[in-house]
Amino acid sequence: MSQGKQSFVVTDPDTHSNPPLLEVENVSKSFGGVQALRTGSFRLEKGEVIAVVGANGAGKSTLIKTVAGVYPPDSGEIRIKGEPIDLNDHSVSRMRERGIEVVYQDLALVPNMSAPYNLFLGRTPRKWGIFADNRSMRAKTREVLDQLNVKTVQDLSRPISDLSGGQQQSIAIGRAIAWGKEIVILDEPTAALGPNETAEVERMVEEVRDNHGTSFILISHNLEQVQRLADRIIVIHHGVTSQEFERGRVTADRLVKAITVGV
Amino acid sequence: MTDGSKTMAGGFLSPRQMEKLRDFVPFIAIALVILLFWSISGDRFMSIRNWTFIAQQTPVLMLLAFAQLIVVTTGSIDISIGSSLAFSAFVGAIGMLWFGDAGLLLGVVAGAFVGMVNGLVISLLKIPSFVTTLAMLIIVRALVIIISDGTSIYMTDGSVSGGTNISSVTAPWLLSMGKFPAIFIVAAVVAVFMWIFYEKTLFGQQLKAVGGNEKVLRLVGINVTAFKIKVFAAAGVMVGIAACVNLARAGAATPQAGLMIELDAIAAVALGGTPLTGGYGSVVKTIIGALTLTVVRNGLTIAGVPPSWSQVALGALLIAAIAISLNRSKVDVVK
Ligand SMILES: Nc1ncnc2c1ncn2[C@@H]1O[C@H](COP(=O)(O)OP(=O)(O)O)[C@@H](O)[C@H]1O
Ligand SMILES: [Mg+2]
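Protein sequence lines, in the order shown, are assigned to chains V and G.
All residue numbers for the first sequence refer to the working numbering, where the first residue is 1 and numbers rise by one.
All residue numbers for the second sequence refer to the working numbering, where the first residue is 1 and numbers rise by one.
What the hints contain is simulated information worked out from the structure, not anything from laboratory work.
Cβ atoms here follow ideal geometry from the backbone N, Cα and C, with glycine treated the same way.
Please note that a few of the clues may not be correct.
Each computed DSSO-like pair below joins lysine-lysine, with the alpha-carbon atoms no more than 30 Å apart [as the list claims (entries may be wrong)]:
#1 Lys200/G / Lys127/V
#2 Lys181/V / Lys151/V
#3 Lys151/V / Lys200/G
#4 Lys140/V / Lys46/V
#5 Lys200/G / Lys140/V
#6 Lys127/V / Lys140/V
#7 Lys230/G / Lys126/G
#8 Lys215/G / Lys230/G
#9 Lys215/G / Lys140/V
#10 Lys127/V / Lys215/G
#11 Lys151/V / Lys20/G
#12 Lys200/G / Lys230/G
#13 Lys215/G / Lys181/V
#14 Lys181/V / Lys127/V
#15 Lys81/V / Lys46/V
#16 Lys230/G / Lys127/V
#17 Lys140/V / Lys151/V
Short derived list, chain V residues pointing at chain G, Cβ under 8 Å [to be verified]:
#18 Ala108
#19 Gly122
#20 Thr124
#21 Ala132
Could you put the whole structure together from the sequences, leaning on the hints where they help?
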């Protein structure tokens, strides 16, 4: 794979035969008069963890929502394994079918429903056509929680609002890794968590990446976390993906400057 | 917010115990209400005759409360059900005039139709359910007046030959369905189906999820818009069934049937401990809610309380029941 040292890279029309897993090129998105995203560009290789950092309102969530199919971008192109996706037929369901899952900021879970319901959100297996197959849902939930090494969720029938923040986040991440065979996108997954729970989430990400080769896009304000986890760091400033840094080649001060000033 | 529930617990009950207790409020309420009227009116209240009467009065309200429960669980409300009840009864009665007994089924179809129109307007035009169904309450009632021309259609048992009176249908079977054991059995059968539908099916689960957080469902690509149309249609089917039962019980489709009954249905749901903000609900407790409302009204009448004062008492009971059963730690915004 290309180990280019370019720092403004978008896509390099160079020689490698295997196209990147995901390429996002110059996507934009406005809401009414507000241009939330002006030019968003990045690429993601298989098994890679990239981080997207930027100030509040910089357009991070908007960028990943255009990728996830929540809404199509107003312009630009998104390619998966080199194949452009049809933006007229761009939807969350389509992207989920392709193994791309998102843990949305603040809106990942239905609080009054059980852990198995949330883990299978939108994919509830049926029994006799009209019933949920609760038994297999519970079994799978246990399996996913075991895989994430989460042992503390005991009663799977309780609404998840009864669980701690960390436990809830492990269910949200569990859903994403259970179905996101290709790409898991985490939008500020540890913003509401304490240090121990944050460490747990980081451990989950590394474990899944190492064991399953899943690619991650991590949005985070925690720059130490970003430096620990990400192979590359994409900086977004006023709706523009302005800079890109390789792992270990950037100081915290340099990152802060890029985030706040844009250069 | 947690502090609130601690003070509620009065220091001697844990929040978890408080929650358990809250779960039982509808049952405790009906037990107290029955004991109260029993002690006031004695055998005049606690007689087989009076309870047969209550068993005959409750089913229509219970079925309408089911319709309301379906909608309220998603966080919406349907106040058109009283008008829809009258409309469905008329369509059912006209169906029987035109097509014989099986024409009654058109009443259920009519209820489903009104529900579907509600759902379409709410989902596609994005008009809040309260406003949409308020408009439908007015429109559908007007339709009833238009198609009925202000007159009723009577069900007769055939003993009096009505001669050329075209506004009557000879349907002794339907009239006997409206009397005690039959009406109770019909209501019980529908209640069992409702319980399975609401508590066990995927559709029932989805009702609670939509009430819990609709945005999350949309973000994972679930078609909430289409689902809500089905929700209002399902409630409409229940209103249609209630209309048929009401036709049997009242023996006539009248233009003023079901006036204000939407409020009773909402009250029954609330007395059953279901938050009007959606996300939770219980069929069994909704049945208890409908029964409580009927018993209180009946008990006050027997005790000789004038009707207006009965209404005051019912309103106070409603507020008291909700105040006790509401879990304030789960409510952050009161609208
Ligand atoms: N659905 C929306 N409707 C209107 N404006 C939006 C919407 N989503 C985001 N925005 C606006 O777009 C800008 C970028 O938002 P967002 O992508 O959420 O930023 P970030 O995730 O980087 O904090 C903000 O100004 C925000 O108010
Ligand atoms: Mg954001």
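Going down the list of hints, with the structure as the test:
no., hint, in the structure
1, Lys200/G / Lys127/V, "holds (11 Å)"
2, Lys181/V / Lys151/V, "holds (23 Å)"
3, Lys151/V / Lys200/G, "holds (28 Å)"
4, Lys140/V / Lys46/V, "holds (26 Å)"
5, Lys200/G / Lys140/V, "holds (20 Å)"
6, Lys127/V / Lys140/V, "holds (15 Å)"
7, Lys230/G / Lys126/G, "holds (15 Å)"
8, Lys215/G / Lys230/G, "holds (18 Å)"
9, Lys215/G / Lys140/V, "holds (25 Å)"
10, Lys127/V / Lys215/G, "holds (26 Å)"
11, Lys151/V / Lys20/G, "holds (26 Å)"
12, Lys200/G / Lys230/G, "holds (17 Å)"
13, Lys215/G / Lys181/V, "holds (24 Å)"
14, Lys181/V / Lys127/V, "holds (25 Å)"
15, Lys81/V / Lys46/V, "holds (10 Å)"
16, Lys230/G / Lys127/V, "holds (20 Å)"
17, Lys140/V / Lys151/V, "holds (14 Å)"
18, Ala108, "holds (7 Å)"
19, Gly122, "holds (4 Å)"
20, Thr124, "holds (6 Å)"
21, Ala132, "holds (5 Å)"
Against the hints set out earlier in the document, no violation occurs for any number.
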